[in-house]
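Chemist: What follows is the residue order along each chain.
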Amino acid sequence: MNLIRAEVERLGARRFVQLMIVLLMLAFGVTAATTLAGSHQPTAAELAKAQQQATANLRNMELQHARCLARDRGEPFPGDRNFYLPQDCSELDPALRDRLPVAADYLTGVFTFTRQAEPLLYFLVAYLVLFGFLVGASYIGADLNSGGVVNLLLWRPRRLTVLGAKLGTLLGAVLTVSVLASLTYLVTFWAIAQIAGYPGPTNGAFWAELGAIWGRGLILVLLASAVGFAIATIGRHTAAALGAVAAYLVVWELGGRIVLEILDAARPDQLMLASYVGAWLTGEISFWDSSACRTVTDGYCTGSYTLTWQTSLAVLGLLTAGLSAAAFALFRRRDLI
Amino acid sequence: MTSGVIEIEGLRKTFHSVRRGRRVAVDGFDLLVEAGQVHGFLGPNGSGKTTTLRALLGLVRADDGRMRVLGANAPEQLPQVSGRVGAIVESPQFFGNFTGYRTLRLLALAGGVPVNRVDEVLEEVGLADRGDERVKGYSLGMKQRLAVASALLKRPELLILDEPANGLDPAGIREMRDLVRALAANGVTVLISSHILAEIQLICDHVTIISQGRRVATGPVAEVLSGFDDNEHLVRVDDLARAEELLRTAGLTVAGHPDHLVVSGVPDPTTVSRTLGEQGIWVRELTPLRPDLESVFLELTGTPTHPAVPRQVDGWAPDQSADGQEIDLGMRGVDA
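Chains as they are written, first to last, in the working numbering: chain R, 20 to 356; chain H, 2 to 337.
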């Protein structure tokens, strides 16, 4: 427990951590201030007009769907005959849409919480992922490089305990910062929507979806922190983690993708970690599968495949666990010179 | 059977590097430090001192050999005794933006030492007035003192100091010497590795010299030095040429210098004064030339082209060769 206390204090006293938190607060403040400055509370007339537009749009969608169904039944349908209709009418079914038009979609110059909360949360999660990765890498990297770990091991000559305490402290601290930052962030924007914007129609499904993204985002931040920590431990330097990620992005995500496309490989996105990160955050993500349509000679082919958050969790979890296990195994046997 | 505070027997360590290849750092090294000793650990750069200390403290994995610290097998049982061992290894680095006080406080917290001990050790090493300053503003000597303070936090029974005088000015070296003496007087066993041989001679009662990863001398400082005492004397007389001739005739080995003679192999200096006095030559100066640790060190470690030959001068009674050199590296007397 004393070791954890000392590590928490050591982590909190690090300049880099303090700088990243200041940058987070700065980005948060700028985003909130510009949102506040660029938004106004909609008048009753604006809301009514937006509601009318939403209703009209919904009615139009229902009309097109009905026209499509009538075509399938061979029945005449009044109106424009040249209007494009897909082969599968379910594509036009409003009931099958992810979301239906709402008044908030037609409000201009108004910050609408229900429309903006998700992208705002994605932005925060992206920052926290970067924060966790860099802090994780620099925390152990600087300690290994400066002799701090050696000093500590002279006091507590249990390598796995010391490294475990450091990783545990890092994950606990990053989780605490992430929870506090994201709650403050969402509450602030909710308040801005109440005061100078439009909260939008919130219901259980909205909060559940937002909560799921938030939870998955926090787990992603923890995974990124552990990966940064593990690579820096393996490479003995903070720069090892940064270099490894940069090399991976350039060599595999960029170069590898180009090569796979040249080779016309099937489902190249399935081989990229970025796909799993995206699928994990959004819940699921669909990619075009060019191989699925190779044998289709006539007609319409909708070849695609989906990566789900469950698959992504397995991939990202295994990667993190593997790197962490390698880091602990190496650190246990390594000569500290 | 002797039980040591530190016992090292047959320690071997080889480093493997893609760029530099294979390098034997320690090659069957033995060390015995007994309770209450202030033991100097000497060796040229790259002789294996720091590797030995790091292996002892569990920072480097030994390839072979047996090590015990305060009766515990190292490194497996080190956690059992780490609270009784204070150590600094090769100019420890600290976070520059932490104050000296905070640096020690964090170590005290991690080691379960009462935090009020921090003020005491800062006082002991003369940093009480500078404890609230950031370490990056410290001189090399102050950082060294901070390192020593960190080793003292635990009130150790055994203190291992690797080059503690590095970067210290003469006053700092003197303070360090006084500190070590005070600790030794309180019963703390001290192992010091250092390049400052005169300091080791002043502070230490025992010494071990390592060269090319092997022990080449060990024992009480006086005995190590006496093993290299050729009974030389400096002689000054008015008539150097005649005196040299007389001494040679008397069977003594004489080396002539412009203003003095050096006579070797003279256990009793009265032999010189009597030989010359009987012929009417009066001796103006007759000074014994005692070897110092530096000359012994250079003699023992200055022959890198030959395999290091251990020289036994302690009381473990190894087999002796005709020239008195140790030929058996076995750690006799060490608990096997």
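Note that these hints are calculated values from the structure, not bench results. Please note: incorrect hints may appear among the correct ones.
What follows is a set of in silico ranges between Cβ atoms, one per label pair, in the way DEER data are often shown [claimed, not checked]:
1) H:124 - R:264: 43 to 53 Å
2) H:186 - R:45: 50 to 60 Å
3) R:354 - H:115: 27 to 37 Å
4) R:50 - H:46: 35 to 45 Å
5) H:113 - R:37: 23 to 33 Å
6) H:289 - R:165: 18 to 28 Å
7) H:231 - R:180: 46 to 56 Å
8) H:81 - R:330: 31 to 41 Å
9) R:282 - H:81: 52 to 62 Å
10) R:353 - H:129: 56 to 66 Å
Keep in mind that this is a model prediction, so the values were computed, not measured. Glycine included, every Cβ here is placed at the ideal spot set by N, Cα and C.
Chemist: Look at each hint and say if it fits the structure.
Modeler: Hint by hint, here is what the structure shows:
no.: 1; hint: H:124 - R:264: 43 to 53 Å; in the structure: holds (47 Å)
no.: 2; hint: H:186 - R:45: 50 to 60 Å; in the structure: holds (57 Å)
no.: 3; hint: R:354 - H:115: 27 to 37 Å; in the structure: holds (33 Å)
no.: 4; hint: R:50 - H:46: 35 to 45 Å; in the structure: violated (57 Å)
no.: 5; hint: H:113 - R:37: 23 to 33 Å; in the structure: holds (27 Å)
no.: 6; hint: H:289 - R:165: 18 to 28 Å; in the structure: violated (50 Å)
no.: 7; hint: H:231 - R:180: 46 to 56 Å; in the structure: holds (55 Å)
no.: 8; hint: H:81 - R:330: 31 to 41 Å; in the structure: violated (47 Å)
no.: 9; hint: R:282 - H:81: 52 to 62 Å; in the structure: holds (59 Å)
no.: 10; hint: R:353 - H:129: 56 to 66 Å; in the structure: violated (37 Å)
Consistency with the previously given hints fails for numbers 4, 6, 8 and 10, ordered from lowest to highest.
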